[in-house]
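*Asks:* Chains A and B are the protein sequences, given in the same order.
Per my numbering, residue 33 is the first one in the first sequence, and the count goes up by one each step.
Per my numbering, residue 33 is the first one in the second sequence, and the count goes up by one each step.
Because the hints were derived from the structure by calculation, they are not lab data.
All values reported here derive from a predicted model rather than from experimental measurement.
A couple of the hints might just be wrong.
The list treats identical chains as interchangeable, and a pair is accepted whether it falls inside one copy or across any two copies.
To be verified - Below, simulated DMTMM-like cross-link-like pairs (lysine to aspartate or glutamate); rule was C-alpha separation at most 20 Å, straight line: (1) Lys102 <-> Glu207; (2) Lys230 <-> Glu131; (3) Lys72 <-> Glu260; (4) Lys35 <-> Glu45; (5) Lys60 <-> Glu81; (6) Lys230 <-> Glu260; (7) Lys102 <-> Glu303; (8) Lys72 <-> Glu279; (9) Lys35 <-> Glu207; (10) Lys330 <-> Glu252; (11) Lys72 <-> Glu101; (12) Lys330 <-> Glu207.
Number of protein chains: 2
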Amino acid sequence: MGKRIGKNTVLMENNPCVKSFASVCGKKEAQGPLGNQFDKIFEDTTLEESSWEKAESRLQAESVNLALEKANLKTQDINYIFAGDLLNQCMSSAFGLRELGIPFLGQFGACSTMAQTLFLAATTIEAGIANYSVAVTSSHFCSSERQFRFPLNYGGQRTPTAQWTVTGSGAIVIEHQNNPGIKIKHATVGKIVDLGIKDANNMGAAMAPAAAKTMQSFFEDTKTHPSEYDMIFTGDLGEVGSNLFKELMLKDGFHIGENYNDCGLMIYQKEVQDVHAGGSGCGCSASVLCSLILRSIKAKKWKNILFMATGALMSPTSSQQGETIPGVAHLINLVSE
Amino acid sequence: MGKRIGKNTVLMENNPCVKSFASVCGKKEAQGPLGNQFDKIFEDTTLEESSWEKAESRLQAESVNLALEKANLKTQDINYIFAGDLLNQCMSSAFGLRELGIPFLGQFGACSTMAQTLFLAATTIEAGIANYSVAVTSSHFCSSERQFRFPLNYGGQRTPTAQWTVTGSGAIVIEHQNNPGIKIKHATVGKIVDLGIKDANNMGAAMAPAAAKTMQSFFEDTKTHPSEYDMIFTGDLGEVGSNLFKELMLKDGFHIGENYNDCGLMIYQKEVQDVHAGGSGCGCSASVLCSLILRSIKAKKWKNILFMATGALMSPTSSQQGETIPGVAHLINLVSE
Chain A
33 MGKRIGKNTV
43 LMENNPCVKS
53 FASVCGKKEA
63 QGPLGNQFDK
73 IFEDTTLEES
83 SWEKAESRLQ
93 AESVNLALEK
103 ANLKTQDINY
113 IFAGDLLNQC
123 MSSAFGLREL
133 GIPFLGQFGA
143 CSTMAQTLFL
153 AATTIEAGIA
163 NYSVAVTSSH
173 FCSSERQFRF
183 PLNYGGQRTP
193 TAQWTVTGSG
203 AIVIEHQNNP
213 GIKIKHATVG
223 KIVDLGIKDA
233 NNMGAAMAPA
243 AAKTMQSFFE
253 DTKTHPSEYD
263 MIFTGDLGEV
273 GSNLFKELML
283 KDGFHIGENY
293 NDCGLMIYQK
303 EVQDVHAGGS
313 GCGCSASVLC
323 SLILRSIKAK
333 KWKNILFMAT
343 GALMSPTSSQ
353 QGETIPGVAH
363 LINLVSE
Chain B
33 MGKRIGKNTV
43 LMENNPCVKS
53 FASVCGKKEA
63 QGPLGNQFDK
73 IFEDTTLEES
83 SWEKAESRLQ
93 AESVNLALEK
103 ANLKTQDINY
113 IFAGDLLNQC
123 MSSAFGLREL
133 GIPFLGQFGA
143 CSTMAQTLFL
153 AATTIEAGIA
163 NYSVAVTSSH
173 FCSSERQFRF
183 PLNYGGQRTP
193 TAQWTVTGSG
203 AIVIEHQNNP
213 GIKIKHATVG
223 KIVDLGIKDA
233 NNMGAAMAPA
243 AAKTMQSFFE
253 DTKTHPSEYD
263 MIFTGDLGEV
273 GSNLFKELML
283 KDGFHIGENY
293 NDCGLMIYQK
303 EVQDVHAGGS
313 GCGCSASVLC
323 SLILRSIKAK
333 KWKNILFMAT
343 GALMSPTSSQ
353 QGETIPGVAH
363 LINLVSE
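Pulled out of the complex, with its shape left as it was, chain A reads as follows (with noise of 0.2 Å):
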């Protein structure tokens, strides 16, 4: 059984851990820094289907797919599976999904919805209810756009501070194990925090106060400090939002060094791909933390993380109305025993 730590944060003691993980992407990940590292590319993002939806669709099946193969696991042996993603009505987790004849929660946190699939995930085996469960989230730039913005025919100009949401799923396999392995040592779930910022092109200032105080409390909580991890993950909060968080962080005495990244700013090559203020979209911390972060914990190259992928509550519809945008964000600390 978990234990409460502090006054947001628990503590797993049942051994949630990582026993596969897959990433796939599109053409314009494939392209980026991380490109090696992603385990399906698909070089024409229609995926052959026949709508946007659809094709983000196949990218969570691939990658769900892909998860259990590497696992050595059928899809009767997984207990739950936790799926989420940016469309109405988490449509690319239940079409994607449907074939699969897994037991489904859907789930909505907007970015942060990897980080809420992984918790969830975990609880599952930590309260002794799953021998195996499924996180995955997908995000596909041309659905997100359509849906979200405009239709990608209409030609709109992108703002400097826009960012490009990730065509791209990633997927995790947790169970749990007594031998060392990638565990789900601590969680932070986080709060709802809105101050009031209205522009949906300038999602990273939205999110970044959510981020910086569930951060915050997952600090003072497990009374640990930046400098003590390998390293520290963000999800999409790009360029604005990042700098605009480790401000936030600062101010309350955290300071947030060279150990941190963004999965938005590492996914492209900023000056040439043209992404303006970085990569977003469930799909982003998702495939990021699905090929390079446990990758390279897997190869020891660091062994106490934290994740924290960071969603943006806002619906096409509230923008209309004229509401702002409320933020949250959700800390995973992964380590490697």
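Using the hints provided, position chain B relative to the given structure of chain A.
*Replies:* Just chain B now, kept in the frame of chain A:
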């Protein structure tokens, strides 16, 4: 720690119990047979807000605040809130609950969400990582109609198989409890089932096969029989769906008899209130569970019941793309000891 029973059911052994519950609803629901069971009624379904979406958000905030009040708890006592609704990007949940400052995990299971949030809130107790968790969902007739079908002003005709989305919300506080209480004893999380129904005005038929599959699985895993339960409730199959559900169960040897009812059939007086096939929406099963059902268990009228909420995981986009409607159903066994 909990344990798995059979293929797909879990037994919770750390006593996750209902500490308090509350329900709120609109005018039409108040005029129905359960009118005197709800905690708060809004005769004006705008709740004096400027949009239907904001009105729905208020419904969620109201039911959560009422449940906390009854439990004599403050928002800071709650470790997690599992919240969901039918709107794009779970808008009612995020905007309704953002002021509360409770660690937030957005859920999407369409109309199955009340069982999903209840299962996950119980799981955090089972895992020992929460003292108190809240499960809440909502729906609103007007926000749903305009998102999934037509704006009200259009004055579209409703088909005979159409269901009426409930304006309402239900919230439950879950805690670990050694003393006698209302316990979440078993849970069966469902797989997605899609038999090819395409009619968004006949969601009962789309959900019935998933409902039958989950419930059969529960009876097989627990080696029990429908007649052993005081009552069996489905979420919102409505008239068409619940008849189909009973037929499917009978075909597999399970006679669903007099101890069965459907929240969608209970909430309105069908002949008088012109709701066609019955009520639906996340708020349907939530408000019936958090009024009549839990009140009756608390009063020891029923001691052992099954509550299974059912969801149709389609989106307007998937329907426009010619997709069929995937169904899902999650079952919770509530016992009073």
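*Asks:* The structure should be examined with respect to each hint, and the outcome stated for every one.
*Replies:* Structure-based check of each hint:
| no. | hint | result |
| --- | --- | --- |
| 1 | Lys102 <-> Glu207 | within (14 Å within a copy, 38 Å between copies) |
| 2 | Lys230 <-> Glu131 | between (39 Å within a copy, 17 Å between copies) |
| 3 | Lys72 <-> Glu260 | neither (34 Å within a copy, 51 Å between copies) |
| 4 | Lys35 <-> Glu45 | both (8 Å within a copy, 17 Å between copies) |
| 5 | Lys60 <-> Glu81 | within (18 Å within a copy, 44 Å between copies) |
| 6 | Lys230 <-> Glu260 | neither (35 Å within a copy, 54 Å between copies) |
| 7 | Lys102 <-> Glu303 | neither (35 Å within a copy, 56 Å between copies) |
| 8 | Lys72 <-> Glu279 | neither (37 Å within a copy, 45 Å between copies) |
| 9 | Lys35 <-> Glu207 | both (19 Å within a copy, 14 Å between copies) |
| 10 | Lys330 <-> Glu252 | neither (28 Å within a copy, 40 Å between copies) |
| 11 | Lys72 <-> Glu101 | within (13 Å within a copy, 51 Å between copies) |
| 12 | Lys330 <-> Glu207 | within (16 Å within a copy, 37 Å between copies) |
Hint violations for this structure: numbers 3, 6, 7, 8 and 10, all remaining hints satisfied.
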